Amino acid sequence: MTRTTILFVSLVAIGFIIATFDVRDDGDGVANVMREGTQSIFEPMQKAADWIASPVIGFVDGVSNLAGLREENERLQTRLRQLESQVLETGAVQEQVRQLEAILGIEPPAELSTVTARIYSSGPSSFDNARFIDKGAKDGVVIGQAVIDEDGLVGRVDLVSANDARIRLIIDPLVSAGVRVQSTNETGVVSGRGDGPLRLEMFRATASVSAGDLVVTDGSRFPPGLVVGRIVADAAAEVGFVLRAEVEPAANLSQVDFVKVIIGWTALDADLQDGVVDTSVSTTTTTIPPTTTLPSEG
Amino acid sequence: MSRSRVAIALLAIIASLVIQTTVFGASGIAPLGVPPAFVTLVVIALGPYVEAEYHLLLGFTAGILADLMGSGTLGLWAMSLTVVAYASSRLRARFNEGIVLSATLVFGLTLLGQVVFVVLGTLFGQNLLSDSSLAAKIFLPALWNLVLAIPVLLVLEAVFKQRDEGWAV
Chain H
0 MTRTTILFVS LVAIGFIIAT FDVRDDGDGV ANVMREGTQS IFEPMQKAAD
50 WIASPVIGFV DGVSNLAGLR EENERLQTRL RQLESQVLET GAVQEQVRQL
100 EAILGIEPPA ELSTVTARIY SSGPSSFDNA RFIDKGAKDG VVIGQAVIDE
150 DGLVGRVDLV SANDARIRLI IDPLVSAGVR VQSTNETGVV SGRGDGPLRL
200 EMFRATASVS AGDLVVTDGS RFPPGLVVGR IVADAAAEVG FVLRAEVEPA
250 ANLSQVDFVK VIIGWTALDA DLQDGVVDTS VSTTTTTIPP TTTLPSEG
Chain U
0 MSRSRVAIAL LAIIASLVIQ TTVFGASGIA PLGVPPAFVT LVVIALGPYV
50 EAEYHLLLGF TAGILADLMG SGTLGLWAMS LTVVAYASSR LRARFNEGIV
100 LSATLVFGLT LLGQVVFVVL GTLFGQNLLS DSSLAAKIFL PALWNLVLAI
150 PVLLVLEAVF KQRDEGWAV
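Same order as they appear, the protein sequences are chains H and U.
Going by numbering that gives the first Met the number 0, 264 is the number at position 265 of the first sequence; the sequence numbering is gapless.
Going by numbering that gives the first Met the number 0, 120 is the number at position 121 of the second sequence; the sequence numbering is gapless.
There's no promise every hint is true.
[What the hints assert, rightly or not] Below, a sample of chain H positions facing chain U; criterion: calculated Cβ distance under 8 Å: (1) 10; (2) 15; (3) 21; (4) 45; (5) 52; (6) 54; (7) 122; (8) 124; (9) 157; (10) 194; (11) 241.
Since the hints were derived computationally from the structure, they do not count as laboratory data.
As the structure is a prediction and not an experimental result, all values here were calculated from the model.
All C-beta atoms, glycine included, are put in the ideal place defined by N, C-alpha and C.
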């Protein structure tokens, strides 16, 4: 056996041991400290590279999308008209809700504090569904908080350092979320598949779901009422009341540049050992209505 | 093996990691939704310029840094890129037989790295086989690396040539 082969076997063995310990620690412990340290070292270089490359990437995107721009423009104008009419309808409904709440003495839904963050880098491979944002513990971000954009749920914070944080997208195979199908009000669990639609499983379903039905978070792991996506195709419960369907995420995860971290709500099972949220930091406040709806496509 | 060669190789790996996570990152350049495996490409391309043992160590270092910058299990890319560096070092003589053959080798070795990563990821519970775009995520990075191989190989050749000439003077 040559020296090169011995070194090769040794390095693979070391890698195997590191991976085994990381799996045993569930990604915590020394590995997390090393991850935070590495990210802190690379962060300035990544931000500089992102700043330099952004115009070039924008130009490449523009050129590659030139053919579809006219069609996209027409589609967006149609959607804008739909949304404008919906805003008017929603305004009237909100006023009715406000009046009913006043009559019945019901407290309106609590406002959720959010911080806006910019995604400046991602994981190092196409299998990695991590994104790094430029807000961290100093801004009130802690592990477990939900991350949204204007369309819906994007992911969950899973690593935090002082100035930045890592989010894991909802399409990651290791991420799942408790959800409710708005049309039937029945609950289930969506889990990621690495790419494309999410997998929805409902274990006590009695009603069927239809293509286009809205799926929102049920409040178990993420704040209730966040839009997750829409059912892709009709599905009915099978033997034993198990219903399986696919959900197309509402957020366009390949094009997300800015996100909001909901810092005013954290799941009970989130790891809060890193400390108490600093409420003195500057934040914006967003009301996320529990019955947020998206316009139907086409 | 001079220190300056290793230093250049390390700088190339650090630069490749920054480029991979930004230019070829989340909102960066990803044709058909899948970016190139740029770190793998640079690890392969360094093969002709460093000794086999150093090449293995550079592959392992690049991999462990990629693991630390990602969200997966630590050590998976370290093992994958060590395998790529080992296979690459066994084929290093072939890299002198023309740029077309070199680019083809880059394609094959990238494919090897992606497959090894998926196998190891599955063994360590990363659930990669359930990925709905698994085939594309294995094949497309190798294809993009085939395209990027020529400029990367030429740039590295120029850098190491300049370093050797500068050293001679």
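Hints and how they fare:
Hint status for residue 10/H: holds, given a least beta-carbon distance of 5 Å to chain U, under 8 Å. Checking residue 15/H against chain U by beta carbon gives a least distance of about 7 Å; that is within 8 Å, so the hint holds. Taking 8 Å as the C-beta cut-off, the interface hint given for residue 21/H holds, the closest approach to chain U being about 4 Å. A hinted interface residue such as residue 45/H counts as satisfied when its beta carbon comes closer than 8 Å to some beta carbon of chain U; here the least separation is about 5 Å, so the hint holds.
The beta carbon of residue 52/H is positioned within 8 Å of a beta carbon in chain U (closest approach about 5 Å), and the interface hint is therefore held. Annotation: interface hint on residue 54/H violated; nearest CB of chain U at approximately 12 Å, more than 8 Å. Restraint check, residue 122/H versus chain U: the minimum CB separation of about 4 Å is within 8 Å; hint holds. The interface hint given for residue 124/H holds, since its Cβ lies 7 Å from the closest Cβ of chain U, which is under the 8 Å cut-off.
For residue 157/H, the shortest C-beta to C-beta distance to chain U is roughly 7 Å, which falls under 8 Å, so the interface hint holds. The restraint placing residue 194/H at the interface with chain U holds, with a minimum CB-CB distance near 4 Å, inside the 8 Å limit. Annotation: interface hint on residue 241/H violated; nearest CB of chain U at approximately 18 Å, more than 8 Å.
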